[in-house]
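Protein chains: 2
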Amino acid sequence: MLVRVDFLNMGVSGRWLFFFLHRSPTHLVSVLIFNTTSHCFVLVKQFRPAVYMCEWEKAKTQPPKSAEKTEEGSTSQWLPASAGVTYELCAGLVDKPNLSLEEIARQEVLEECGYDVPASKLKKITSYRSGVGVTGAKQTMFYAEVSDDNCVSPGGGEPKEGELIEVVKVPLHEAMTFAYDERIPKTMGVIFSFIWFHNNMSPKYKISTNV
Amino acid sequence: MLVRVDFLNMGVSGRWLFFFLHRSPTHLVSVLIFNTTSHCFVLVKQFRPAVYMCEWEKAKTQPPKSAEKTEEGSTSQWLPASAGVTYELCAGLVDKPNLSLEEIARQEVLEECGYDVPASKLKKITSYRSGVGVTGAKQTMFYAEVSDDNCVSPGGGEPKEGELIEVVKVPLHEAMTFAYDERIPKTMGVIFSFIWFHNNMSPKYKISTNV
Chain Y
1 MLVRVDFLNM
11 GVSGRWLFFF
21 LHRSPTHLVS
31 VLIFNTTSHC
41 FVLVKQFRPA
51 VYMCEWEKAK
61 TQPPKSAEKT
71 EEGSTSQWLP
81 ASAGVTYELC
91 AGLVDKPNLS
101 LEEIARQEVL
111 EECGYDVPAS
121 KLKKITSYRS
131 GVGVTGAKQT
141 MFYAEVSDDN
151 CVSPGGGEPK
161 EGELIEVVKV
171 PLHEAMTFAY
181 DERIPKTMGV
191 IFSFIWFHNN
201 MSPKYKISTN
211 V
Chain X
1 MLVRVDFLNM
11 GVSGRWLFFF
21 LHRSPTHLVS
31 VLIFNTTSHC
41 FVLVKQFRPA
51 VYMCEWEKAK
61 TQPPKSAEKT
71 EEGSTSQWLP
81 ASAGVTYELC
91 AGLVDKPNLS
101 LEEIARQEVL
111 EECGYDVPAS
121 KLKKITSYRS
131 GVGVTGAKQT
141 MFYAEVSDDN
151 CVSPGGGEPK
161 EGELIEVVKV
171 PLHEAMTFAY
181 DERIPKTMGV
191 IFSFIWFHNN
201 MSPKYKISTN
211 V
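Protein chains in written order, with UniProt numbering: chain Y, 1 to 211; chain X, 1 to 211.
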């Protein structure tokens, strides 16, 4: 689909042409999950092709020190898959117009992380724009407290939808160190939400601040 | 360019095919700028075609209440350009391999916001992955303190590069209200960096926390 946009911005007119290969999502939800039984945050860890490709682009311009031995013993120029793995908040697309954002977020918590909590337990943190240069989607972030009693499955996403998700727990006392450790690849949503928790939930839960 | 990626992730093998229309950036820098003379944050406000298109997609599925009168007096189904405007940190691509990240960030501060500060004044806040589903670029965020004495031009970006940027000041005492006001379209980088400032610079500068 080719779309033309004519605009007038601060006295300057112009035109953009967009070529859509497929419909991009216009709205996403993400959820900071805190397990009150184990005092851990529940994140998802997944392989992101786009991140992998960035690392691959970067490695191409560097000396071949990143080459690794493959299982067959030959030297490969491919990076290990771990180069494309990121830690993220549980998240998903708003693709069901009849459901509330809270209900969609609830389903993602169940599918990806295995916790069954009522939608009423989801508290909105805020909303913002993500990927303003490419997708421009609105993103609404929620906070959900869960307990071990809410855990009904191991999670892991929907393999038939191509999701390969590992559920990861980050203990509360390690959260701030995790947030600012640049060796751990993660999204801004993880960093922000840990700090939001620190600022807003600290009267209720103690969090280490020695960073 | 068509790129094939074969992967093995948690015991599941698969293949992704990427079609690059152009080379995406693999690394970006962004800068939280604080003016110590006026006690204001310095942001950029710009029209983002992708955000506009998202709003347009959303408006299509809603009753035509969003229709507006054009200058010619006829009713248009186009949304006003303001629907595509976002508030963001000063930012740019890392596209000069011979320059340090601090030097690239310094150039963006000068081009977009008109402040000339030495690269040594740029303090790294942290780095993270942005747009993990689409671009996967690494993003490094800096903090820069500037004063009115550093202001050498009105900024506004490079019109020849298609940049249409308005420099906006947010007073320190309004920063937290601004960060959490969902009616103001903004990136997560703005929200996070305001809160980072609040948590880390508050011994030095007083910031209102009545949110």
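If you are wondering where the hints come from, they were derived from the structure by calculation, not from laboratory data.
Don't take each hint at face value.
[Unchecked claim] Only pairs whose alpha carbons sit at most 30 Å apart, straight line, appear in this in silico DSSO-like list of lysine-lysine:
no.	chain 1	residue 1	chain 2	residue 2
1	Y	Lys58	X	Lys121
2	Y	Lys60	X	Lys96
3	X	Lys124	Y	Lys58
4	Y	Lys123	X	Lys123
5	Y	Lys121	X	Lys58
6	Y	Lys124	X	Lys58
7	Y	Lys96	X	Lys58
8	Y	Lys96	X	Lys60
9	Y	Lys96	Y	Lys204
10	Y	Lys60	X	Lys123
11	X	Lys121	Y	Lys124
12	X	Lys96	Y	Lys58
13	X	Lys204	X	Lys169
14	X	Lys204	Y	Lys169
[To be verified] Partner residues are not named here, just some residues of chain X that face chain Y (Cβ under 8 Å, in silico):
no.	residue
15	Glu88
16	Gln107
17	Leu110
18	Gly114
19	Ser127
20	Tyr128
21	Ser130
22	Val132
23	Gly136
24	Glu182
25	Arg183
26	Thr187
27	Phe192
28	Ser202
29	Pro203
30	Tyr205
The beta carbon of each residue, even a glycine, is placed where N, CA and C say it ideally should be.
Consistency of the hints with the structure:
Among the hinted pairs, lysine 58 of chain Y with lysine 121 of chain X is consistent with the structure: their alpha-carbon atoms are about 27 Å apart, no more than 30 Å. The hinted pair formed by lysine 60 of chain Y and lysine 96 of chain X meets the criterion: a straight-line CA distance of about 16 Å does not exceed 30 Å. For the hint linking lysine 124 of chain X to lysine 58 of chain Y, the alpha-carbon distance of about 21 Å falls within 30 Å, and the restraint holds. The hinted pair formed by lysine 123 of chain Y and lysine 123 of chain X fails the criterion: a straight-line CA distance of about 34 Å is larger than 30 Å.
Simply put, lysine 121 of chain Y and lysine 58 of chain X have alpha-carbon atoms about 27 Å apart, close enough for the 30 Å limit, and the pair holds. Simply put, lysine 124 of chain Y and lysine 58 of chain X have alpha-carbon atoms about 21 Å apart, close enough for the 30 Å limit, and the pair holds. Restraint check: the Cα-Cα separation between lysine 96 of chain Y and lysine 58 of chain X comes to about 13 Å, which is no more than 30 Å; the hinted pair holds. Distance check on the hinted pair: lysine 96 of chain Y and lysine 60 of chain X sit about 16 Å apart at the alpha-carbon level, within 30 Å; holds.
In summary, the hint linking lysine 96 of chain Y to lysine 204 of chain Y is not supported, as the alpha carbons are separated by about 34 Å, beyond the 30 Å threshold. The hinted pair formed by lysine 60 of chain Y and lysine 123 of chain X meets the criterion: a straight-line CA distance of about 29 Å does not exceed 30 Å. For the given pair, lysine 121 of chain X sits about 36 Å from lysine 124 of chain Y by alpha-carbon distance, which is inconsistent with the 30 Å threshold. Among the hinted pairs, lysine 96 of chain X with lysine 58 of chain Y is consistent with the structure: their alpha-carbon atoms are about 13 Å apart, no more than 30 Å.
Distance hint between lysine 204 of chain X and lysine 169 of chain X is fulfilled; the C-alpha atoms sit about 20 Å from each other, no more than 30 Å. The suggested pairing of lysine 204 of chain X with lysine 169 of chain Y is violated, with an alpha-carbon distance near 35 Å, which exceeds 30 Å. Checking glutamate 88 of chain X against chain Y: minimum C-beta separation of about 7 Å stays under 8 Å; hint holds. Restraint check, glutamine 107 of chain X versus chain Y: the minimum CB separation of about 18 Å is more than 8 Å; hint violated.
Hint status for leucine 110 of chain X relative to chain Y: violated, with the closest Cβ pair at about 20 Å, above 8 Å. This hint is violated: glycine 114 of chain X has a C-beta 16 Å from the nearest C-beta of chain Y, more than the 8 Å allowed. The interface hint given for serine 127 of chain X holds, since its Cβ lies 5 Å from the closest Cβ of chain Y, which is under the 8 Å cut-off. Checking tyrosine 128 of chain X against chain Y by beta carbon gives a least distance of about 5 Å; that is within 8 Å, so the hint holds.
A hinted interface residue such as serine 130 of chain X counts as satisfied when its beta carbon comes closer than 8 Å to some beta carbon of chain Y; here the least separation is about 7 Å, so the hint holds. Because the beta carbon of valine 132 of chain X sits about 5 Å from the nearest beta carbon in chain Y, less than 8 Å, this interface hint is met. Of the supplied interface hints, the one on glycine 136 of chain X holds, with its beta-carbon coming within about 3 Å of a beta-carbon of chain Y, less than 8 Å. Look at glutamate 182 of chain X: its Cβ gets to within about 5 Å of chain Y, closer than 8 Å, so that hint holds up.
Taking 8 Å as the C-beta cut-off, the interface hint given for arginine 183 of chain X is violated, the closest approach to chain Y being about 10 Å. A cut of 8 Å between beta carbons decides the hint on threonine 187 of chain X: the least distance to chain Y is about 6 Å, and the hint holds. The interface hint given for phenylalanine 192 of chain X holds, since its Cβ lies 4 Å from the closest Cβ of chain Y, which is under the 8 Å cut-off. Taking 8 Å as the C-beta contact cut-off toward chain Y, the hint placing serine 202 of chain X at the interface is violated, the least distance being around 11 Å.
The closest approach between the C-beta of proline 203 of chain X and any C-beta of chain Y is roughly 14 Å, which is over the 8 Å cut-off, so the hint fails. With its C-beta approaching chain Y no nearer than about 17 Å, tyrosine 205 of chain X sits outside the 8 Å limit, and its interface hint is violated.
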